[in-house]
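What follows is each chain in one-letter form.
Protein chains: 2
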Amino acid sequence: MNDQLVETNFGERLPAEDLKDAWRLLDSAERVDGFRLLAPADAHEFFLGLAAHDQTDLILSLPPNERRPWMRLLPPDDAADVIQAADEARRGELSSLLDDISRREVTSLLAYAEDDAGGLMSPRFARVRPEMSVDEAITYMRKQVNEKLETIYYGYVLDGQQRLLGVVSFRDLFSAKGAAKVADVMKTDVITVPDTMDQEAVGRLFAEHDLMALPVVDSSGRMKGIVTFDDIVQVVQEEATEDIQKIGGSEALDAPYLEVGVGAMIKKRAGWLIVLFLGEMLTATAMGHFEEEIAAAVVLSIFIPLIISSGGNSGSQATTLVIRAMSLGEVRVRDWFRVMRREIASGFALGGILGVIGFVRIALWQKMGVNDYGPDYLWLGVTVGLALLGVVLWGTLSGAMLPLALRRLGFDPASASAPLVATLVDVTGLVIYFSAAAALYLNRSA
Amino acid sequence: MNDQLVETNFGERLPAEDLKDAWRLLDSAERVDGFRLLAPADAHEFFLGLAAHDQTDLILSLPPNERRPWMRLLPPDDAADVIQAADEARRGELSSLLDDISRREVTSLLAYAEDDAGGLMSPRFARVRPEMSVDEAITYMRKQVNEKLETIYYGYVLDGQQRLLGVVSFRDLFSAKGAAKVADVMKTDVITVPDTMDQEAVGRLFAEHDLMALPVVDSSGRMKGIVTFDDIVQVVQEEATEDIQKIGGSEALDAPYLEVGVGAMIKKRAGWLIVLFLGEMLTATAMGHFEEEIAAAVVLSIFIPLIISSGGNSGSQATTLVIRAMSLGEVRVRDWFRVMRREIASGFALGGILGVIGFVRIALWQKMGVNDYGPDYLWLGVTVGLALLGVVLWGTLSGAMLPLALRRLGFDPASASAPLVATLVDVTGLVIYFSAAAALYLNRSA
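In order, the protein sequences belong to chains A and B.
Note that our numbering has the first sequence beginning at 1, numbered continuously upward.
Note that our numbering has the second sequence beginning at 1, numbered continuously upward.
Some hints could be false.
A pair holds if it fits inside one copy or across any two, identical chains being indistinguishable in the list.
Claimed, not checked - Calculated cross-link-like contacts (lysine to aspartate or glutamate; reagent style EDC-like; alpha-carbon spacing at most 20 Å):
#1 LYS20 <-> ASP189
#2 LYS268 <-> GLU238
#3 LYS20 <-> ASP335
#4 LYS267 <-> GLU251
#5 LYS187 <-> GLU136
#6 LYS181 <-> GLU114
#7 LYS187 <-> GLU45
#8 LYS187 <-> GLU242
#9 LYS187 <-> GLU17
#10 LYS20 <-> GLU330
#11 LYS143 <-> ASP172
Derived from the structure by calculation, the hints contain no laboratory data.
These numbers come from a predicted model, not from an experiment.
Whole structure, please, built from the sequences with the hints as guidance.
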C-alpha cells in the first residue's frame, strides 16, 4: 500500500513546507507517506528539524529496513533524545541502529538526567593541544571540518588527562601570528558548566554571556562535551513553557498542545484540578460556620464573590511575578525579606485602591437607588472596603511568599500556580470578610 | 569624592563576580564606584554582559568625560538598545558619543520598532561576492576578522544592488576546493527574515532551524543586517517573561522584579486589578438578583465560592495552555474548531469528575452528620454537581477560546490572563448555579 503510494507519486515531490504545515494533523502512517514524498535533500533537513518525539515516532513508523540511515543521521546528543523519547521497550531497538562509536557515545549521554547539562551536551568537539602553533591548530581544525563536530568555531585545549586548559576561537586563531603557540593565544578564564547542572541554569549562563558553546566538565575537571546555543534556544523555550503551564495550574504537557491526546490532556489537568477542588471545599466548611451571619444579613453574601476573587487576582499577579523572577535568577530565596517588604507595600496600596472603589460603589449605588443595602449601608461599605484591603494584602503577600517557601523546601516554585494561590486565599478571604462583618456591621444591624 | 575612592583603592581590585552579585542592591552611584574597582579587562567584559538599561544607567552615571569609550565599546545593535533605554531627553547626548559611522548605523537601526527584526539586527556582517574563489573568500573574510563584525562564520553573498544571493559558512568554504567559485559553493535557499518581522516570530525561526545567524532583508530584497543567536536567547526569555506576567494579570514589567521601584510596580499591577475588580462587581449585581433565593435557602450560599472558583481554575488552565501554544506557533486562529472540540471534551470530563466529587461530598458529610443540609440534601447535591459540570465546561471552553478571539481581533492573546478568565467565569458561574438551584432545588424545598 505504502510502496504503491510512493510509486504512483514518483517524480511528484511534496514541498517540505506543506508537510510541515500539515504535520500536526497527520497520524503516524500519514506522516510516513508524506515524508516519503519529499525530495531526498529536503527529507534530510526536514527530519533534522523535527522535535525529538516526532523523530522517534517517524523512525519507529518506518519499516525496520528503512530506519538505520535516519537514526545515523542524528548527532549523538539528538540520538540520545530520540532514544529517550521512545517507550522503554523500544529503546534497545533504536540504539542497535547506531554504529559502535556513536552507540558508546549515546550510552554515556543517556546516563545523565535528561534535564542536566550532561543530557544536553554533545561529546563531539574540536580538541587542540597547548603546544601546537596557531597555524598547526588552524590546519588541524580545518581537517576536522568534515567530521561530525557540533561546532568547529571553538577549539578546546586539553591536557593529557582530558582536563580543560583553555579555549581558542577561530577568530582568535585568525587574528594571532601563525607561529605563536596555542597556549599563548588561548583564553584561560573559561566559563564551564558542571555536567550535573540543571538545563535551566545553563540557559541563564548562555543568556548572560552571549556564547556560542559552553564546555561541560565532570567533577574532576575532565571535559565531557559541549552544549551549543541551538540546544539552548529550545531549552529556554521548553522551560518557559513548563513554567507557564504550571502557573496555569496543570502539569507540564511535554508536547505541543494539539498533539497531546484528549485523554492524556484530561489526565494532566484533572490531577491539579481535583487537588484545588478539595482545597476549595474548605470554603464550604468555612461558609458553614458563617451560615448564621448570612441568615442574619443576606446582603453580606452579595459581596462574597467580589471579595474572594480580588484576593485571588492579586495573589495570581504576585505569584507569577515572583515565579518568573526566580526562574530568571533575579530573585533568590535569600531575597525573601526584600520581596516581603515590597509586597506588603504593594498589597497595602492595591488593597487600599480596591477598598476605596468598593466603598464608593456601595455608597453610590445606594444613593442612586440602584440597590437598597438598608440603613447601615455606610457600615456595610466600610466592612467591604476593609475586607478588600485585608484580602488583597493577604493575597499579594501569600502569593509572593509561597514560591519562595516552596523553593526553600526543595519544591518547584512554579507549583505555586495562580489557581493554587487563589484557592488558598479564598478560605482566608472568607474569614477576613466575616470577621470584619462581625466586628463592624452585624452587631450594628442586630 | 569618587576620584578619591578610586585612588585609595588603587591596586585593590574587586572581583567581577562580587559586583555582579551585589549589582541589584546598589544605587547608581554605588554601581559606578564598584565598576571603577574592577580590573580593566574585567570591566570590559562586565560592561558588555550588562542588560541594556543597566548599561544606559551606568554610562549616564559616569562623569561626561568618561562616557565615550564605554559607548564606543558597544556594537551598533547594542548601542541602539542603550539609546532606546534612555529618557527621550538624553538620547542625543548618548548618540553624540559615537563615531560618525556607528552613529549613522545606529540611527538607521533606531528607525525600526524595538520589537522588530530590524530593531534587533546588527548591520555589521561579512560580505562576499559571488565571483570570488573560495580561497579569495577565506582570505577576505579572514581580513575582516579584526573589524567589529557580529560573526565571521557566515559570509553573505550580495549582488551590486545589495540583494542577497546566498550564504557560505566558513565550514562550507573550508570543505570546498580552493579554486571553486563562491557562487558554486553558496547555499541559495536561504531562510531570510523581513525587517518588520516581530521578534517573537524570529525567535521561533531560530528554535526551528538551529542557525547561528539569520539575514534580515527589506521589502525589496536588499540585505540590511543579521540577527544572531545571542540576541535571540534573550528575546525568547523576554517574550516568555512578558507572556507569564500578562497571564498572571499584570502589565509586563520590562525590568527585573527587584529593580522595578515599588511605585512603578504598583502602577503596573493596579491597572489590570482595577479593571478586573470592576468586572467582578458584576458578581455583586448578579448576586443582588439572587438575594431572594439565598434568603429562601441560605444553604445555597455555602457553595458559591466552591463553584465559582472551580470555573476560574479550569478557565486558568485552559487559557494558559492555549496562550502558550499560540506563542509557540503550535495553535493558530484557524485551529479554533479543533481547540473547541478538544476543550468541550476536556470540559465535560473535568466538570464531570468535579461534579461527582461535589455530590459525594455533600451526601457523605450529611450521612456522617458533619453538616446538616436538610431533608432535600440529595437534590442539593445534584444541583451543586450539575452546576459544577456546567461551570467547569464553560470555564474550560471560554478560557480556551478567548485567546483565539483576542488574536482574531488583533489583540495580544496573552491578555486573556488567568484572572480575566476567572472573572468572566465568576458571573456566568453564579447564573449557572442559581439557575440549576431554581430548577432542581428551590421549587422542591419551597
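Hint-by-hint comparison with the structure:
{"no.": "1", "hint": "LYS20 <-> ASP189", "in the structure": "between (43 Å within a copy, 17 Å between copies)"}
{"no.": "2", "hint": "LYS268 <-> GLU238", "in the structure": "within (17 Å within a copy, 27 Å between copies)"}
{"no.": "3", "hint": "LYS20 <-> ASP335", "in the structure": "between (46 Å within a copy, 15 Å between copies)"}
{"no.": "4", "hint": "LYS267 <-> GLU251", "in the structure": "within (9 Å within a copy, 32 Å between copies)"}
{"no.": "5", "hint": "LYS187 <-> GLU136", "in the structure": "within (18 Å within a copy, 29 Å between copies)"}
{"no.": "6", "hint": "LYS181 <-> GLU114", "in the structure": "neither (38 Å within a copy, 44 Å between copies)"}
{"no.": "7", "hint": "LYS187 <-> GLU45", "in the structure": "between (35 Å within a copy, 13 Å between copies)"}
{"no.": "8", "hint": "LYS187 <-> GLU242", "in the structure": "neither (36 Å within a copy, 36 Å between copies)"}
{"no.": "9", "hint": "LYS187 <-> GLU17", "in the structure": "between (43 Å within a copy, 18 Å between copies)"}
{"no.": "10", "hint": "LYS20 <-> GLU330", "in the structure": "between (38 Å within a copy, 11 Å between copies)"}
{"no.": "11", "hint": "LYS143 <-> ASP172", "in the structure": "both (18 Å within a copy, 13 Å between copies)"}
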